[in-house]
Amino acid sequence: MAEKEDRTEQASQKRLDDAREKGDVARSQDFTSATVVIGVAGLLLKIAPVIGTDLYNNLVISLSPPVGTHALLNPQDLFRNVLNDLRTAIGVFLITGTVALLMATGGTIVIGGWTFSPQKFFDIGRLSWLQGIMKPFSKQGATLLLGDIMKTMVLGTAMGLMIWGQREEWFALLTESPHAAIPHGLQALGGDFMIFALLLLIPGGVDGILQRRMFATKMKMSKEEVKDEYKESEGNPIVKSRIRALRRKMAKMRMMKAVETATVVIANPDHYAVALQFQESMAVPQVVAKGADLIAEHIKERARAHQVPILTAPPLARGLYRFGEIGASIPEGLYEAVAIVLAYVEQLNRAKAGCGAAPRDWGSLELSAEIGREFEEATQHG
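Take the sequence shown: its position 279, counted from the start at 1, is 279 in full-length UniProt numbering, and no numbers get skipped.
Be a bit skeptical, because a hint or two may be false.
Ranges of calculated distance between the beta carbons of each label pair, as one might list FRET restraints [what the hints assert, rightly or not]: (1) 6 to 91: 55 to 61 Å; (2) 156 to 89: 27 to 33 Å; (3) 242 to 157: 57 to 63 Å; (4) 216 to 175: 54 to 60 Å; (5) 270 to 342: 21 to 27 Å.
Restricting the straight-line Cα-Cα distance to at most 30 Å, the calculated cross-link-like pairs of lysine-lysine (BS3-like) are [stated by the list, open to error]: (6) 223 to 240; (7) 257 to 22; (8) 352 to 300; (9) 218 to 151; (10) 257 to 352; (11) 249 to 227; (12) 252 to 240; (13) 223 to 257; (14) 240 to 14; (15) 300 to 249; (16) 227 to 240; (17) 300 to 14; (18) 240 to 220; (19) 227 to 14; (20) 240 to 257; (21) 249 to 14; (22) 22 to 223; (23) 151 to 14; (24) 151 to 46.
Simulated from the structure, these hints should not be mistaken for lab results. Since the structure is predicted, the reported quantities are computational estimates derived from the model, not experimental observations. No residue lacks a Cβ here, since even glycine has one placed at the ideal position from N, Cα and C.
Using the sequences and the hints, build the whole thing.
What follows is the structure, given as structure tokens:
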């Protein structure tokens, strides 16, 4: 009891996954039963006219004189009629079974999600007749049995009153011809069946909500269990490696996404590429992506795909790659060089928009001496 009272923390994803592998998930038989009945009732309403016509043709006409008399005297015709009746019955059975299976699966997934556990499937202990006999005598079994009795009484009373109120309609079927009475009777039966299903859905929905809450409560963890699980997972080298790989993958995805809205990509033709972003609201340009070798090629490919200017400036690219941090402002020592690059990009964008003259080719752009001789020579030679 004390252990259950200590479980105040929500279940971790690992605990839920472990339980799911064992087939331990929230389930509601009432909700699943309600969905099955709704599906079968809907099917009955849909196919009642067709089934009624088949029943009339196969049972009434084939057994009535003169067709019925001829069939009785001719074994081949009798066999053909029986085969047609059997074919119709099998078709209805297969369609109904398929609908029931799909609705049961859907109802199960709604409450506890999809799961298949071989451990649960091959659990021989679940087939014990002794457990089945003793189940009603347990506290939980007695509660469920009492609830089932109450639901049966309430639903049975409601359905009885409804059918009693429809007694004149049912008696009216006796005055109709078989050709009309059979489809009408099936449709009326399907309608009553659907009302019963909707009534059954009320306690089923309540039970589904309660089962999910009870399962969440059962799966709660104590603070000590949370700590132990964290230590176990974090101490596992394989888990650590996977976490690091996942973090690198997510960081790369975010970085590549940022390239799409970058202002410019500064590249060393063969090894480095750094994407910068500058907006009027920023005091200093920021590094939004950087990479070497294969990642640099990916950055440039993404930039070309989204029409982001790519300028070649090897010393500046190396400096930004070495000293710049993704998501941070550019290093102070590179302010002036980056300012020249941004001014060139701005002039280029204005020319594309038809608001100014095209700038000189980037490879022949003259830079001030303060930028540094190496950077000036590199840009002059492309």
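Do the hints match the structure? See the list:
{"no.": "1", "hint": "6 to 91: 55 to 61 Å", "verdict": "58 Å, holds"}
{"no.": "2", "hint": "156 to 89: 27 to 33 Å", "verdict": "28 Å, holds"}
{"no.": "3", "hint": "242 to 157: 57 to 63 Å", "verdict": "58 Å, holds"}
{"no.": "4", "hint": "216 to 175: 54 to 60 Å", "verdict": "57 Å, holds"}
{"no.": "5", "hint": "270 to 342: 21 to 27 Å", "verdict": "24 Å, holds"}
{"no.": "6", "hint": "223 to 240", "verdict": "22 Å, holds"}
{"no.": "7", "hint": "257 to 22", "verdict": "39 Å, violated"}
{"no.": "8", "hint": "352 to 300", "verdict": "20 Å, holds"}
{"no.": "9", "hint": "218 to 151", "verdict": "26 Å, holds"}
{"no.": "10", "hint": "257 to 352", "verdict": "24 Å, holds"}
{"no.": "11", "hint": "249 to 227", "verdict": "27 Å, holds"}
{"no.": "12", "hint": "252 to 240", "verdict": "18 Å, holds"}
{"no.": "13", "hint": "223 to 257", "verdict": "39 Å, violated"}
{"no.": "14", "hint": "240 to 14", "verdict": "15 Å, holds"}
{"no.": "15", "hint": "300 to 249", "verdict": "18 Å, holds"}
{"no.": "16", "hint": "227 to 240", "verdict": "16 Å, holds"}
{"no.": "17", "hint": "300 to 14", "verdict": "40 Å, violated"}
{"no.": "18", "hint": "240 to 220", "verdict": "25 Å, holds"}
{"no.": "19", "hint": "227 to 14", "verdict": "13 Å, holds"}
{"no.": "20", "hint": "240 to 257", "verdict": "26 Å, holds"}
{"no.": "21", "hint": "249 to 14", "verdict": "22 Å, holds"}
{"no.": "22", "hint": "22 to 223", "verdict": "23 Å, holds"}
{"no.": "23", "hint": "151 to 14", "verdict": "37 Å, violated"}
{"no.": "24", "hint": "151 to 46", "verdict": "28 Å, holds"}
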